[in-house]
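There are 2 protein chains.
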Amino acid sequence: MPKEALKVAIAGLGTVGGGTVKVLQNHADEIAARCGRPVVITAVAALSKEGLGFDISGYAWYDDAVAMAKDADADVFVELIGGSEGVARAAVEAALNAGRHVVTANKALIAHHGKALSRLAESKGVSLNYEAAVAGGIPVIKSIREALAGNTLKRVQGIMNGTCNYILTTMREEGLDFDKVLKDAQDLGYAEADPSFDIDGVDTAHKLAILTSVAFGVELNFKDVHVEGIRHISAVDIQFAEELGYRIKLLGVASRENGTLEQRVHPTMVPLDSPLAHVEGVFNAVVIDGDEVDTVMQVGRGAGERPTASAVVGDITDIARGISLPTFSVPADKLESVPTRDMNEHVGAYYVRLSLLDQPGVFADVAAALRDHQVSMESMIQRAREPGEPVPVVLTTHETTEANMRAALDAIAKLDSVTEKPRMIRIEG
Amino acid sequence: MPKEALKVAIAGLGTVGGGTVKVLQNHADEIAARCGRPVVITAVAALSKEGLGFDISGYAWYDDAVAMAKDADADVFVELIGGSEGVARAAVEAALNAGRHVVTANKALIAHHGKALSRLAESKGVSLNYEAAVAGGIPVIKSIREALAGNTLKRVQGIMNGTCNYILTTMREEGLDFDKVLKDAQDLGYAEADPSFDIDGVDTAHKLAILTSVAFGVELNFKDVHVEGIRHISAVDIQFAEELGYRIKLLGVASRENGTLEQRVHPTMVPLDSPLAHVEGVFNAVVIDGDEVDTVMQVGRGAGERPTASAVVGDITDIARGISLPTFSVPADKLESVPTRDMNEHVGAYYVRLSLLDQPGVFADVAAALRDHQVSMESMIQRAREPGEPVPVVLTTHETTEANMRAALDAIAKLDSVTEKPRMIRIEG
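Respectively, the protein sequence lines represent chains A and B.
According to our numbering, numbering within the first sequence proceeds without interruption in unit steps and concludes at 429.
According to our numbering, numbering within the second sequence proceeds without interruption in unit steps and concludes at 429.
These are calculated hints, taken from the structure and not from any lab test.
If you're wondering where the values come from, they're calculated on a predicted model, not measured in any experiment.
Please note: incorrect hints may appear among the correct ones.
The list makes no distinction among identical chains, and a pair is therefore deemed to hold if it is satisfied within one copy or across any two copies.
Unchecked claim - SDA-like mimics (lysine to any residue), calculated; alpha carbons at most 20 Å apart, straight line:
(1) K124 / G322
(2) K334 / G36
(3) K22 / T295
(4) K414 / P390
(5) K22 / D294
(6) K154 / N26
(7) K3 / G322
(8) K334 / R37
(9) K223 / E85
(10) K3 / S324
(11) K334 / A28
(12) K3 / D333
(13) K3 / I323
(14) K421 / T396
(15) K223 / H112
(16) K421 / A403
(17) K22 / V40
(18) K124 / G36
(19) K7 / G58
(20) K414 / N404
(21) K22 / K154
(22) K3 / E122
Looking at chain A on its own, in the form it has when it is part of the complex (with noise of 0.2 Å):
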């Protein structure tokens, strides 16, 4: 006897909206032979039927989301609306409360409500999926959430933001500086009119939060995220990262050790012989270490239409096997509370770049203020001369504490022949 369809109701027809529709539409067959039976689309929400390219006339239509995630006829609930509040948050409820499996892809909402909502998913017996909150169609949540439940994890790091990965490929590719980069990726539609968001680090800082609560077990701390943007990161920068070996990433990274947790968004030197630095434009990517597996790296889309529906199906196709698992890889109430390591703890090693006055002696006083505080440079490098003129100097450190670094560089910044803030990257792996 076959079994009877999951029934899928869709809020939000935007861009990840519309193609999980069209997914849906496009690939029922293959999805029915795969799953054991027929996924069918029964209900949609969105402001407007206007515009949507593509054909909603069989489902139940509705225009508020919170509505449709109460009263219609469906097993899965999909969210797609968006934003960490507002209707996004009330329907998700709404729909857990009402007995419905969720899929979302938002990351926001998860990484601010996820504890309570996972909570609220266990009590009704059903469901909440986010795959496509973290690097779109990359199955990283799958992979830490299954397939590597035989390991303990030691670190998830990525390259999490598309907008970031494409301005700082752009400015290496073309020699240019960040603001004309990120003008052009607005035209070309691949940043945002407000792009703070993406930039800043935040929307990187989400999702890696929520990549810290699975892998490791421990309950959501969005706000004891470290984040750090882009915006400060010049073409110069690049050109040195690429003579010393490294290639600019900003990279979301979180590891759990001594029973604190790190969870630190900025930019990174990744070196040139690691598969990360070769991640480029709009590709996102996830490295996993764990104490089996050793390291998995997945690259892939982490934004766009096509492959964040795909991660949204994937969640949905689950459901209509029947896999249910704990949203953060264990119950809610099993989810640790580890303390935040402070940043200052962070050891690593840090590029540093400063502006100095091309003038005798110079160079020793920024030694000095490195030696007094137990900071251990490993190369320099000084390319222009220009007598009397402030110059571009560059130097790599060994590892130290972040504590070391910044009083070493509020140090220097004090020196008289120091022109400029000095800047400052961390060196990875």
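Fit chain B to the given chain A structure using the hints.
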């Protein structure tokens, strides 16, 4: 009420079997939390108890894996013996017949008998999981079978043999020839005493045949995989590849197009700007192209005790969580039988290395042979000059058919000025 423990019997206590025992022992608490039930080993089978290095005193002992498959107090039978016939096959059949789930890392078994075994598993309502059989710790089967269920896949390709990738990487890094590096790899334990299974591409072909079936929903067809190994790759080829902007990798590539299937394993020139080119040493990688997700690449350790055990345990935790799927994405009777495209119809670009007598007019004969077979040259390099002596000459072609390329090479091989059999390497992407 807590769920009952999942009981596991493990056959084969070599590298991967031992790793699986250790992973299940060391991660018992985490696995129980993640699965909502304990996963316990109840029985083990091997040829000898000697020198295991881990404690099996709590488990029922069998020196006959088939007897264990029939009689053990176990829900899951884990086959880590190896080989496509003999005990491994008999034990897996016995376990399935006894209504037990089966987890295996045995690519030869699945490549040769996967279809019959999947029918048997289905008829008994149990799972047959084999994530560890392809690319070790990389969760590629789960990604294809579950995460990408909303896609029609177009192509899967990968570096799936760590021995070959280690040899090719070391040849490049050290500038050494194949025989020397193979010998070193054997001394280091990275290559078997009889390395033919790896270096002649058979191991990759097993994995590719499995990937092909699960990716395209087609019947396994190992015998029609076109297989070439890496024995004929020379240090000179690797140097020229680098100069031309490529790196040589042993790839398995499968694609479904126009109602035919292409499955081929051969050394391939991969462009340096592709992330695949930077997967080095013993690492494996699989690239999946879907019509919705676009491209997803996964990189990780394709072999070794712990990474492979990680994949085996992932398959076991899936069973503990009640995840049960058709072996090759769709039920066995829905797998399509798709004709294999003749390799002569393959279309691609080619690298050709000739040994030519350095004398006037000799290259004109080569160019004429290419022209006569509709092969269009893209570049030519002749570095050395030794009038009257053989020198290496390398050329690359634009896209052409394999049939044309082979006919051109046959004609070239017959020229008096050609002193060795021409070498050909396909260029991808």
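Failing hints, ascending?
none
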